[in-house]
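Engineer: Sequence:
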Amino acid sequence: MIRNTSATLCMVLATLAFTSAAHAHPFAPSYNLPVPFWMYAGGSLAALLLSFFAVAWFARARNPEPRVVDLTHTRFARVLVGRTTIAMLGVISLLGLLLCIATGLLGTRSAAFNFNMTFFWIVFVIGFTYVSALIGPLYAQINPWKLIVTALANTGLSTFEGRFAYPARLGCWPALVLYAAFIAMELFGRVDPRALGVMLLGYTVLNIVGAWLFGMSAWFERCEFFGLFFSLVSRMAPLQVVAPSPQAPRGGLKLQMPFAGLLQARAVSLGEVLFVLFMLSSTAFDGLQATQVWARLFWEDFAALLAPWIGDNIVQTYPLLKPMFLGYQVASLLLSPFVYLLAYLATLAWMKRIARSEFSVRELACRFAYSLLPIALVYHATHYWTLILTQGLMVLRLASDPFGIGWNLFGTALWLHRPVIPGMDWVWHTQVGLILIGHVASVVVAHREALRVFDTPRTAALSQLPMLALMLAFTVFGLWILAQPITSNGP
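For the sequence shown, the positions run -24 to -1, 1 to 467 when mature numbering (1 follows the signal peptide of the UniProt record, and there is no 0) is used.
Careful: at least some of the hints might be erroneous.
To be verified - The calculated lysine to aspartate or glutamate pairs, modelled on EDC-like cross-linking and capped at a C-alpha distance of 20 Å, are:
| hint | residue 1 | residue 2 |
| --- | --- | --- |
| 1 | K298 | D288 |
| 2 | K298 | D277 |
| 3 | K230 | D431 |
| 4 | K298 | D431 |
| 5 | K328 | E339 |
| 6 | K298 | E334 |
| 7 | K328 | E162 |
Since the hints were made in silico from the structure, they are not lab data.
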């Protein structure tokens, strides 16, 4: 509750700061309906505890045989991932990138009427995340930057085999750095259509140069951050696209239990562990930084600490505090995965002690990192999926007039002038359900991994008590963020 005029003015200025600093959220986020927090938190925690005990009781096999159904020779597979479909998707992917660059540089500056803002932010960044979570590693076959490099290689201009050996010690740290820069730009950059076009052009050049220096294989496996992001998400998919190989020239399609792919591999380095944690922390931070609690923390509490040096007149100190607020935001975002890492490593050290394991904490961190991916996915969904309804469907209209200059190429320019706005009660309960499902899935995956790491089912179950505590904390934190009143940070 704001109790005085000074605090009111402080919150107004904080809202202005959010508005000016959050243009990379190209479209305003959905407002969440606050409800009694303790009811949802208590019910969710009870469900999570029950799922833990159920898994500990019934899941005792150390290496259960994965249930995989080969769909390769079905009509469904030929339609979904056949050569023609993959070729068409590759063309759409490549043309979509080129059109996003062209419309950004030459089209309207209005975010609502330029094709590139909706296609890139909503269809690609958000929508393709959920596609990858359903049908697996499709992105590797239609990656537009990889298609460009492949086309250049086919012209004979360069072999793209690499001028230098990729330093093994770098691992996927370049992808993490690029991912962190991308999220910082998304949250705090002034990204209008032109800025987005320039950014995509620059990233295209970076991928071409990187593949030329270190080889196409090394670059796109370890440095192209969208590739790593979608690869991690695709491990949770029930449908798994199999890329063409000498043994299977046409590729294939397999069906498995959702999240089963998380048990078929493990993180290979601390850099990849941090990438997974940043998938978690960046989405949580995105929700947190939009809340009134976060705004007051800086504009009331921190500003009060500085008052002896800069004064307590918020109007006069605002020009000084505004850039400090931006620095505070960016620093908090970039530090967030390391905060999560400390909590994660402390949990694993506790697990190691309980299980009396000979594995190092670093080794355990790599083995259990993928168990956090379901939480990262549902955090992403709870924060962003409504944008597909409110803005994503607009791509049908924008396709007819991509530059925003009055065209009607496909006869759809007059469609969907009003966005689809879902009911807030329905949105809230969907978000709560998604968070609970994601945490339960993480509990199951972590326990399955523990059965493979530790000697006995009893030891495996006891070792998961620290992970349960961590996931309970994540559940409460995620629900708490959703329950908070938020500030307006539209474009």
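Engineer: Under the criterion that the straight-line Cα-Cα distance not exceed 20 Å, is the pair K230, D431 satisfied?
Structural biologist: Violated. K230 to D431 sits at ~31 Å, over the 20 Å cutoff.
Engineer: Between K328 and E339, does the CA-CA distance stay at or below 20 Å?
Structural biologist: Roughly 11 Å separates the two Cα atoms, so the pair holds.
Engineer: Holds or violated: K328 and E162, Cα atoms, limit 20 Å.
Structural biologist: This hinted pair is violated, its Cα atoms lying about 38 Å apart.
Engineer: K298 and D431 were given as a pair; does the straight-line alpha-carbon distance stay at or below 20 Å?
Structural biologist: 55 Å, violated
Engineer: Taking 20 Å as the top limit, are the C-alpha atoms of K298 and D277 close enough?
Structural biologist: 15 Å, holds
Engineer: Is the straight-line distance between the alpha-carbon of K298 and that of E334 20 Å or less?
Structural biologist: 50 Å, violated
Engineer: Would the pair K298 and D288 pass a check requiring their Cα atoms to be no farther apart than 20 Å?
Structural biologist: 15 Å, holds
Violated hints, in rising order: 3, 4, 6 and 7; the structure is consistent with all others.
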